[in-house]
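Chain by chain, the residues:
Protein chains: 4
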Amino acid sequence: MPGNSFGQLFRITTCGESHGGAIAVIVDGCPPGLALSESDIQSELDRRRPGQSALTTLRAEKDTIHILSGVYSGVTTGTSILLLAYNEDARSQDYNKLKKVFRPSHADFTYLKKYGIRDWRGSGRASARETLARVAAGAIAQKYLKEKLDVSFTAYVEQVGGIRAAVNHERVTRAHIDASMVRCPDKTVAKKMIRLIEKVKGEKDSIGGVITGVIKNVPIGLGEPVFDKLPADLGKAMLSINAVKGFEIGSGFAGIELKGSQHNDEFIKGKKGGMRTKTNNAGGVLGGISNGETICFRVAFKPVATIGKKQHTVTVQGASTALEAAGRHDPCVVPRAVPIVDGMAALVIMDHYLRHKAQNK
Amino acid sequence: MPGNSFGQLFRITTCGESHGGAIAVIVDGCPPGLALSESDIQSELDRRRPGQSALTTLRAEKDTIHILSGVYSGVTTGTSILLLAYNEDARSQDYNKLKKVFRPSHADFTYLKKYGIRDWRGSGRASARETLARVAAGAIAQKYLKEKLDVSFTAYVEQVGGIRAAVNHERVTRAHIDASMVRCPDKTVAKKMIRLIEKVKGEKDSIGGVITGVIKNVPIGLGEPVFDKLPADLGKAMLSINAVKGFEIGSGFAGIELKGSQHNDEFIKGKKGGMRTKTNNAGGVLGGISNGETICFRVAFKPVATIGKKQHTVTVQGASTALEAAGRHDPCVVPRAVPIVDGMAALVIMDHYLRHKAQNK
Amino acid sequence: MPGNSFGQLFRITTCGESHGGAIAVIVDGCPPGLALSESDIQSELDRRRPGQSALTTLRAEKDTIHILSGVYSGVTTGTSILLLAYNEDARSQDYNKLKKVFRPSHADFTYLKKYGIRDWRGSGRASARETLARVAAGAIAQKYLKEKLDVSFTAYVEQVGGIRAAVNHERVTRAHIDASMVRCPDKTVAKKMIRLIEKVKGEKDSIGGVITGVIKNVPIGLGEPVFDKLPADLGKAMLSINAVKGFEIGSGFAGIELKGSQHNDEFIKGKKGGMRTKTNNAGGVLGGISNGETICFRVAFKPVATIGKKQHTVTVQGASTALEAAGRHDPCVVPRAVPIVDGMAALVIMDHYLRHKAQNK
Amino acid sequence: MPGNSFGQLFRITTCGESHGGAIAVIVDGCPPGLALSESDIQSELDRRRPGQSALTTLRAEKDTIHILSGVYSGVTTGTSILLLAYNEDARSQDYNKLKKVFRPSHADFTYLKKYGIRDWRGSGRASARETLARVAAGAIAQKYLKEKLDVSFTAYVEQVGGIRAAVNHERVTRAHIDASMVRCPDKTVAKKMIRLIEKVKGEKDSIGGVITGVIKNVPIGLGEPVFDKLPADLGKAMLSINAVKGFEIGSGFAGIELKGSQHNDEFIKGKKGGMRTKTNNAGGVLGGISNGETICFRVAFKPVATIGKKQHTVTVQGASTALEAAGRHDPCVVPRAVPIVDGMAALVIMDHYLRHKAQNK
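In order, the protein sequence lines correspond to chains B, Y, Z and S. The numbering used here puts the first residue of the first sequence at 295, with every later residue one more than the last. The numbering used here puts the first residue of the second sequence at 295, with every later residue one more than the last. The numbering used here puts the first residue of the third sequence at 295, with every later residue one more than the last. The numbering used here puts the first residue of the fourth sequence at 295, with every later residue one more than the last.
By construction, these hints were calculated from the structure, which means they are not laboratory data. There could be a bad hint or two in this list.
Any copy will do: because identical chains look the same in the list, a pair fits if it lies in one copy or spans two.
What the hints assert, rightly or not - Here are the simulated SDA-like pairs of lysine to any residue, each with C-alpha atoms no more than 20 Å apart in a straight line: (1) K393 / N462; (2) K566 / L406; (3) K495 / G410; (4) K407 / I562; (5) K604 / S614.
Values in this document were obtained by computation on a predicted structure and should not be read as measured data.
When you get a sec, could you build the whole thing from the sequences and use the hints?
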């Protein structure tokens, strides 16, 4: 299969460049009978929207979503759903001077080498605008999972540059997260993060960050041995997002320094006759299958490649040149990437819920 | 699709429990005309084999591989290849007392909850013995890629517990890696790692580690926008391996503290008219597509869950109990996991090579 | 995977109901560098368009196609292509009285039972309007295959009701086929077919027919053992078209009465040192793989289910009732189905060409 | 995906040549908790076995099946199941003289051209021996569907050469079918068929036939719009079987001569408050989805290509030559193909049952 689809049973297929006609996604496999309107999707898109705060790009796209199929009388019919947002405010002229230059750490070079052609306006298909489709489709999954199983997705910004928050994710809600424009639920740390981002922005530079993904109330049993373990599919989902360079679940990289006797999560009796684990170094999965504990993972985003600062590079013909980006870009991607992490996580859980339901009782 | 297949065009499907009849894999999509014999595969399996050194489990499985289809007159025919290793030395009685108990941080609990039944002998399908199939299939991919494109895979142990080696992976060869039984190419650090593992073993405990994956000479252009980016598929491959809790590529989690101006890899003129990057924070990929630089990534393995030390847990009925594992297990999984990382990486590169070849010239 | 996608490497995903916002298709996996404009696609859509002749429904949809992604500067970029046609002239009120009734031999009943909900306006997703997306995507495949390999697709109407043409398909061109509004290249028989269709239309009834598919210049070697044989994928493609009840390739059902000595196609020396077969009972495939001869197959279309004649049926609640359809429908589907057969055939050949290219030299 | 897998959720992957080590299949996605032993599978394999009657090849393969994974304590565990039969009685020397010759209407030519290499012993992967894997996997599906939903599969031989039986398939049982060695439930016609096959055998020739597939008690709602309609997937399943040249469902090719008013199946009230159709020209599907009526379809098998009669052909180098096959072959394939049709039909229904269950209540 080509690479523009994700998921097995709740399957999305996306298309669109930043300066083409539209960004769109077909969602196939949605259960019938789910109440669904544009506003259900728009609310998630607005969390991703450019221009939403002083921390983001000034591009003023409204990203209005249209449902063009698969919903009748306000309810999903079980057939494929088309979600589409037309492109607006696409100032292609901003990119004219990039036509002949390979921007450092951008996909310009690899797209041209791979395909022999590239749409150089605003990164074409490699633009982060592509993630709009992920968020839109993920909103459907989130709605279904909330209504059907009370599953919730509460990703938040844990780190910007060297500034890291210590948050008890069990108590964090969407309201806490969205209360700050940097989407860190620790108010004090959030202010420090904002100051750092503003400083970096003033320097025409950019900075990286970490988003922690949190999924509560996942039913026991999701995840498929042996290749489609839940961490494998969550990891793929996250590592397919622009600018992501790392993923870890539960104890992650920190766990390697522990001994088994320290790291193992003891089983204990839970409420209502169930079983729980005393600790959650596993991050909510055992043998790749959800164990009923909160799923938590961390996603590393590199600093945005596009910066206003002068950089050395080469032209398409290989001549040395210098570059100062003039486009309107985010100094730090993580505040706007929070809904992308939630959306992709929801797509994974939704897909695995249907896969589990197919094979098991 | 169920979860026992991996890859799109070079596609493997695996089966087998640790105490069933056999571990096997069907490799579908292999190009015809590749010279292939059991010894090509056995050499990689011997790197994964239990009992190969004092650091590993004492189980003495020979893991002899049989090619039962898809090869004729010593050459692949283009049809599906069956690789099979019969199970030997399976002391099921070692596991008798585990029948009624959930081992901490094991898949016992989630398999039983998911399927309503489990093969409790030696972890059944969740056994790391399953990775034998990955290594066997990966050996075919490694052979093809070496002969056709001179691609090499040189994963090594970078860290055990808190002991970390600083290695220039560009210079490391298989010979350097396999020279030490811990598979760390830095001889001095390797000795420290061995001492740590022996110490942990003596304590009936276990310890985690990091394997660095290194892939050289990957052609430019591999990886598919937008979901099947090369890091996404490499990440999924690694996160599907037993005990893996984290994956990062290039600068990974460390990169988040850098600014864009520090992190970006400048393009420079390379030898023979090509282009290179001055640094390789990207880890060999741009926009999810290989850029011709060495691909490097790190994989975090948690400490092995099975330990001889006494642990608290619950029975299948939920009663509190204690457990001291009697089976024969590795105190640290990373030395034997090196060929698994190489094998899975080769499966990803092989698959993406064929995918690229299909769409492009 | 859900059912709205077709193909492995040249993969289409479709959506849209007859009375929703639009019919659309995402084409993923198209090779880069193909010159492509709306007019390349529109010309095929016009062959399928309602209202094109006196033999078809009077609905006057123009079915104007829009390319919204994947093409830049008139050339495919290798990324996913969105083709979209907005719905027009959708007189939903024509269908009001169908809301409570199951139309005989329609999908009303099964959609409602499967999903618990249905879009009853114009058959919803089960409408033949869905095939617009197949023709649009197929036009891209046809253009690529013509330019790259000189493969041609010349399906034609061979039979309407009991009237059957005897045509040498080796000599038939698109011009011959489109010369008659019934798309039968035998002018005399075409006239008879037209008279029959007009007669049936006057009776407020409908009639079935056969389309013969013809594919010339297919390279040797397309088709994958053992499940994805070329006839299996062509058969699936055709049997997925609305109203199709049968498929046969080469000698088909007639061949069962022959002996092997009569049916076998002898190999002979061809021109330019190649090999040919003296006869072509195989229909261009051996062992499921193209052998270089013309691929020919026949597709049976049942009479259109929607007729103006009074029929007995039941309401959604199960009460007996009678029905006289008032919508605007085709008395015979085959003239407009010719481009659908061509389109689906092109999707299959294109997909198998890329699959073959991936694995083989 | 390469072509050796079939099905989406109940997915089989097969391998093996007629003269290699084994024929095997991995069945992935089987629900857990199904009682399963080798004898459940062997009984279906024995219906396909060579040498079972005077009408079949004399090869005396026992085709003993081994379950090597996925079953524990006599019950499926939900993990992948390996079924394997070792090859026996493989007289490769029978094929020595075929090494340099292209047999008419065989896959020799296309395999060599496609892959540049072929296993010429007994047709290699193109051998009908491959269907053993289909029957074995299908036996699991049949067992599950019978126990869970009382679905039954009763394919039978309807036609051999010009001799055709008129059978009311609603009343036919497996016992009726297997009572005659030609597997036609009409005893009188069966005798005529046997005489015809014996005559053809005496002439060192072969003859074609038709198998009618019958599936009873299929739940309403199976089949996925728009490409994975039930007839499309059944058609693909059948057209992927060796020697099949045609497939039709319900009225099939005969229906094209009917008018809509004759062909439409009126809805009527059924027993227990349900709805039925008065006739079943649809063959049990509406809009590609099962409607609760018996599914019936017909499959055309060409005469076996391998005959003892002298035939003209060419050598691999293109020189004219003559050929008299010495191997041990069936004069008519349909008696032994009945369990293959049942098996493939069961795989399709099983897969669609799981797919339906995933998306719907």
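*For which of the previously enumerated hints does the structure constitute a violation, in increasing order of number?*
1 and 3
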